[in-house]
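Asker: Listed here are the chains, written in short residue letters.
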Amino acid sequence: MGDAGIDRVSERTRGVGPWAWMRANLFSSWWSTAVTLALAYLVLRGLAGLFAWGVVHAVWSVPVGANGMADPSACLDAAGVGACWAVIADKWRLILFGRFPYHEQWRPALVVGLFIGLYAVSAMRRFWHAGLALAWVVVLAGVGVLMWGGVLGLAPVPEDSWGGLPITLILATFGLAFAFPLAVLVALGRRARGLPAVRALCVLYVELIRGVPLISVLFMASVMFPLFLPEGVNIDKLLRAQVAFILFTAAYLAEVIRGGLQALPAGQAEAADALGLTYWQKTRLVILPQALRLVIPPLVNTFIGSFKDTSLVLIIGLFDLLSMGHVALSDPPWQSFSTEVYLFLAVIYIAFCFAMSQYSRSLERGLDRSRRR
Amino acid sequence: MSAGVDGGPAIVLDKVNKWYGSLHVLRDVCLTVAAQERVVVCGPSGSGKSTMIRCINRLETHQEGRIIVDGTELTDDLHALDTIRREVGMVFQSFNLFPHLTILENCTLAPMRVRKMPRREAEALAMGYLERVRIPEQAGKYPGQLSGGQQQRVAIARALCMKPRIMLFDEPTSALDPEMIKEVLDTIIGLADDGMTMVCVTHEMGFARQVAHRVVFMDRGEVVESGTPGEVFEAPKTERLRGFLGQVLRGH
Amino acid sequence: MSHAVADERPIPARAAPKRRLRLSWADRRFRAIVWQVLIVGVVGAILWYLIGNTNANLAARHIATGFGFLHRVAGIPIGESLLPYNPSVDTYGRALLVGVVNTLEVSLIGIVLATILGTLVGIGRLSRNWLLAKLTAVYVETLRDIPLLLQLLFWYTLLQGLPPPKRAWSLGHAAFVSNRGIVLPLLHWQPAHTAALAAFAAGVLGTALWARHARARQDATGVRPRVWPVAAALLLILPLLAWAALGAPFAVEVPVLRGFNFRGGLTLTPEFFALLLGLVVYTAAYVAEIVRAGIQAIPRGQWEAAEALGLRHGQVLRLVILPQALRVIVPPMTSQYLNLAKNSSLAVAIGYQDIVSVADTTLNQTGQAIEGIAVIMAVYLTISLSISLFMNWYNARIALVER
Ligand SMILES: Nc1ncnc2c1ncn2[C@@H]1O[C@H](COP(=O)(O)OP(=O)(O)OP(=O)(O)O)[C@@H](O)[C@H]1O
Ligand SMILES: [Mg+2]
Numbered sequence: 001m002g003d004a005g006i007d008r009v010s011e012r013t014r015g016v017g018p019w020a021w022m023r024a025n026l027f028s029s030w031w032s033t034a035v036t037l038a039l040a041y042l043v044l045r046g047l048a049g050l051f052a053w054g055v056v057h058a059v060w061s062v063p064v065g066a067n068g069m070a071d072p073s074a075c076l077d078a079a080g081v082g083a084c085w086a087v088i089a090d091k092w093r094l095i096l097f098g099r100f101p102y103h104e105q106w107r108p109a110l111v112v113g114l115f116i117g118l119y120a121v122s123a124m125r126r127f128w129h130a131g132l133a134l135a136w137v138v139v140l141a142g143v144g145v146l147m148w149g150g151v152l153g154l155a156p157v158p159e160d161s162w163g164g165l166p167i168t169l170i171l172a173t174f175g176l177a178f179a180f181p182l183a184v185l186v187a188l189g190r191r192a193r194g195l196p197a198v199r200a201l202c203v204l205y206v207e208l209i210r211g212v213p214l215i216s217v218l219f220m221a222s223v224m225f226p227l228f229l230p231e232g233v234n235i236d237k238l239l240r241a242q243v244a245f246i247l248f249t250a251a252y253l254a255e256v257i258r259g260g261l262q263a264l265p266a267g268q269a270e271a272a273d274a275l276g277l278t279y280w281q282k283t284r285l286v287i288l289p290q291a292l293r294l295v296i297p298p299l300v301n302t303f304i305g306s307f308k309d310t311s312l313v314l315i316i317g318l319f320d321l322l323s324m325g326h327v328a329l330s331d332p333p334w335q336s337f338s339t340e341v342y343l344f345l346a347v348i349y350i351a352f353c354f355a356m357s358q359y360s361r362s363l364e365r366g367l368d369r370s371r372r373r
Numbered sequence: 001m002s003a004g005v006d007g008g009p010a011i012v013l014d015k016v017n018k019w020y021g022s023l024h025v026l027r028d029v030c031l032t033v034a035a036q037e038r039v040v041v042c043g044p045s046g047s048g049k050s051t052m053i054r055c056i057n058r059l060e061t062h063q064e065g066r067i068i069v070d071g072t073e074l075t076d077d078l079h080a081l082d083t084i085r086r087e088v089g090m091v092f093q094s095f096n097l098f099p100h101l102t103i104l105e106n107c108t109l110a111p112m113r114v115r116k117m118p119r120r121e122a123e124a125l126a127m128g129y130l131e132r133v134r135i136p137e138q139a140g141k142y143p144g145q146l147s148g149g150q151q152q153r154v155a156i157a158r159a160l161c162m163k164p165r166i167m168l169f170d171e172p173t174s175a176l177d178p179e180m181i182k183e184v185l186d187t188i189i190g191l192a193d194d195g196m197t198m199v200c201v202t203h204e205m206g207f208a209r210q211v212a213h214r215v216v217f218m219d220r221g222e223v224v225e226s227g228t229p230g231e232v233f234e235a236p237k238t239e240r241l242r243g244f245l246g247q248v249l250r251g252h
Numbered sequence: 001m002s003h004a005v006a007d008e009r010p011i012p013a014r015a016a017p018k019r020r021l022r023l024s025w026a027d028r029r030f031r032a033i034v035w036q037v038l039i040v041g042v043v044g045a046i047l048w049y050l051i052g053n054t055n056a057n058l059a060a061r062h063i064a065t066g067f068g069f070l071h072r073v074a075g076i077p078i079g080e081s082l083l084p085y086n087p088s089v090d091t092y093g094r095a096l097l098v099g100v101v102n103t104l105e106v107s108l109i110g111i112v113l114a115t116i117l118g119t120l121v122g123i124g125r126l127s128r129n130w131l132l133a134k135l136t137a138v139y140v141e142t143l144r145d146i147p148l149l150l151q152l153l154f155w156y157t158l159l160q161g162l163p164p165p166k167r168a169w170s171l172g173h174a175a176f177v178s179n180r181g182i183v184l185p186l187l188h189w190q191p192a193h194t195a196a197l198a199a200f201a202a203g204v205l206g207t208a209l210w211a212r213h214a215r216a217r218q219d220a221t222g223v224r225p226r227v228w229p230v231a232a233a234l235l236l237i238l239p240l241l242a243w244a245a246l247g248a249p250f251a252v253e254v255p256v257l258r259g260f261n262f263r264g265g266l267t268l269t270p271e272f273f274a275l276l277l278g279l280v281v282y283t284a285a286y287v288a289e290i291v292r293a294g295i296q297a298i299p300r301g302q303w304e305a306a307e308a309l310g311l312r313h314g315q316v317l318r319l320v321i322l323p324q325a326l327r328v329i330v331p332p333m334t335s336q337y338l339n340l341a342k343n344s345s346l347a348v349a350i351g352y353q354d355i356v357s358v359a360d361t362t363l364n365q366t367g368q369a370i371e372g373i374a375v376i377m378a379v380y381l382t383i384s385l386s387i388s389l390f391m392n393w394y395n396a397r398i399a400l401v402e403r
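Chains as they are written, first to last, in the working numbering: chain U, 1 to 373; chain P, 1 to 252; chain Y, 1 to 403.
Any given hint could be a false lead.
[As the list claims (entries may be wrong)] To be clear about the criterion: a stretch of chain U counts as covered by chain Y if any three or more of its residues have a C-beta under 8 angstroms from a C-beta of chain Y, and this derived list gives those stretches:
#1 32 to 43
#2 217 to 224
#3 229 to 235
#4 312 to 323
#5 338 to 346
No lab work stands behind these hints: they were computed from the structure.
Glycine included, each C-beta is placed from N, C-alpha and C at the ideal position.
Please work from the sequences and hints to get the whole structure.
Answerer: Right, here's the structure in full:
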């Protein structure tokens, strides 16, 4: 019955051609017509202006002056009328790869490729088994080798000269990889019946971290961590930020995973108990495989969030993608072309986040469908 | 299958009491089930049938009295618990198959992990029991792809794969459509013919008459009457049982 | 399926007995205790170790711990403040308080504006007008995919690129927009205005009482007295009368250009404005999704059932749809409000002096790192807890309304 109704509606809107469609969806009433006309005017003007600024009057490259510096006078002449894409042409490698030695920059580029490949593989249902964890370990180790070097004939590169997109991806991905097991334990601990002290500890951790902004945890990492360590031991700023990230992400992931654990019917655990499985067997073989599958969409969303959150390391002076944009802008010739640089950065962030959010959306639809079945 | 270890009773409940908070759900419940005996438990909703049967494999813990299963007393001792869980199989009203595992994997999980059986052996065992319940051809499917009756038969096979001496059934047919009830009951009757010790909560009177050695009537947490199906159904002694039978018969 | 037998004979009550603990690894409760002691012990030992190190480090660097620094003169210049503040005499404690007030100010205004904008966008996404639905979808998608910090920096540089005060854009020579911020005319506050405000508050109370009375009358007689004429009279006419009775004073202070900047009027600094703009525009994208999901969560059958009962469109919305939608909307909305408050800490990147920014300066000037971070965390935990409590209370209330 319901299907027949839907068919009738879609025939009415689809079958009669574009005019009928426009009448139904753009000009259905005088109010809708007014909205359509006003928006169409604004959109067309906006797009035309953007096209004129970004393409027609844009400056794509500038000559290099006698002192080796770019000469931005062409851009300055076009300021306000046309975009200065020359700043991107001049700085894109600095922005993407930071101060990594110029001739070694294939290494961070490869790292970015590895990360993207890892995400793509992880996204495919076909690979959702124990082998995936191994793939993560291998890729993350490979990332370490490529960035640090010093083995396999790769020149060693200290962390101070890492920067740009690889830092962003490293912070987000390592953050997830290490936060995830911690989050699973915390989520289990928060639901542990008969262990009130452990439960209180987990609640305290999760609520404390979720109650404060990330920046305060990062400040803690940059100014308080050194105090925590014994005299003479010093850990690198990047590592400290990474630890802060892991602790922060784990609290949010734990809540997501707890949601999955709660959504599982109690009968599953009872059946496992009745079969004589131990607590850990039950958790590993029956509970987690189901609970985690339920929460993949929110897990992806959490990951998107932490991907964007990596930009906060700018405030504590680490060189992620956004910070490198800032560094590029501090170069005297380019100081007034921040809009172009910010747009370039925004496009990169959007590309990553959009792909991930579309993926999570499609998973949600799939889950809904299988639940209805 | 075989009788209790020393030929003694398979299950003894001795003055068992249980509370949920301040709600007293089992009151001095006494019940002895001999090896190879088949007991049907009936009673009105909320009378504590599920609670009692779940105490027998310690999905619920009792607070007073003693429960002895197969010669082992149930306490907070986890070794005793492990033993009991191996010897007692349970079938739930809502099947509780693991939806992320295939039918075969559902059946081999416990033999492999708890009994440490090699995979090949466990699979052969599982296929044997799936043939018993007459669905070997579904072994590679997932629970979601089976009908309710088929799922319940898989649940029975899964429990049997642990080679339990005792089987507990908690309303195994009440989530099923009428046409599927028979296939499940026939499977259970087949087990009965093998001499399995069984405790079954059900309101299927015909089934009780055909299979049970004894029928136990519970009400408000107490065992009110118990006897052969003939005694209990034909000559109820108490007003409570008469009322209950009247309602059930009217309802059917 | 119910076979309940009515049987009301009293049954003697008996309480559950206590059980003894056996000291054996096979005992479940003994094992639970061992696990807890172990886990808590390990966590405690780690903390103990870290605290020990910290104390040793602090001693080695001759840093005294404690909050004594709160009473010292701060000397931190703070650009904008709702509280009176003078850097040369006021203490760190005062400076931090100013920071807290600034955080609260931008968070509260941000929450209100983000809710309004987000609701509009969310409803826009459900519009039958294809263009409007698509445009709002693009808004939501893009803004959610760009880190907030990047957006803040973008807005901030954009505002700084505005003309200087001398060439400021003016709106009717009363409000000015320049790279020093937005300057608005300010009402010269007089007792009459206070009286009008008080009358308005009384009006709100009166309206609520009248609505209750109307409901009671409806319950008793079936006829619902009209609410809106009374509401209009109480909320509009009463304040106007109060204001007029005291002479209807109306004087505004118009900002004027003096030298390189404006004098008088109400100034929104570029820092404040960029932060507010960024927070509102970003959070609204999330709010829009929540509102959309909340409205879509109500099955069509609810509309149809309510209309079949003969309720009018407005009644359906008010009595059937909104209570249900709100129940879906409130919990995720709470976490967005919390996020907005926490995100306001990004102020430190563009120089708006919120609590994080002031505490950061304090921490750099005094070297009291632990105390500074403790202050930040305590403030945010308090804010988070307050918002959670308020929203839980509200959620419980609307859950009751629905029942
Ligand atoms: N986990 C629990 N917490 C609190 N009370 C419970 C719990 N489980 C059951 N009860 C209560 O204990 C009593 C007995 O429940 P039980 O499930 O054993 O009844 P039942 O005889 O199996 O009924 P039914 O025929 O409906 O399955 C009921 O009053 C029930 O409300
Ligand atoms: Mg029951």
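Asker: Take the hints in turn and mark each one as holding or not.
Answerer: So, going through the hints one by one against the coordinates:
Requiring three or more residues with a Cβ within less than 8 angstroms of a Cβ of chain Y, the coverage given for the segment 32 to 43 of chain U holds, as 6 such residues are present. For the segment 217 to 224 of chain U, the assignment as covered by chain Y holds, since 4 residues bring a beta-carbon within under 8 angstroms of that chain's beta-carbons and 3 suffice. Three residues within the 8 angstroms Cβ limit are the bar, and the segment 229 to 235 of chain U against chain Y gives 3, so the coverage statement holds. Check result for the segment 312 to 323 of chain U against chain Y: holds, 4 residues qualifying (beta carbon to beta carbon below 8 angstroms, three or more required).
Only when three residues or more bring their CB closer than 8 angstroms to a CB of chain Y does the claim for the segment 338 to 346 of chain U stand; here the count is 5, and the claim holds.
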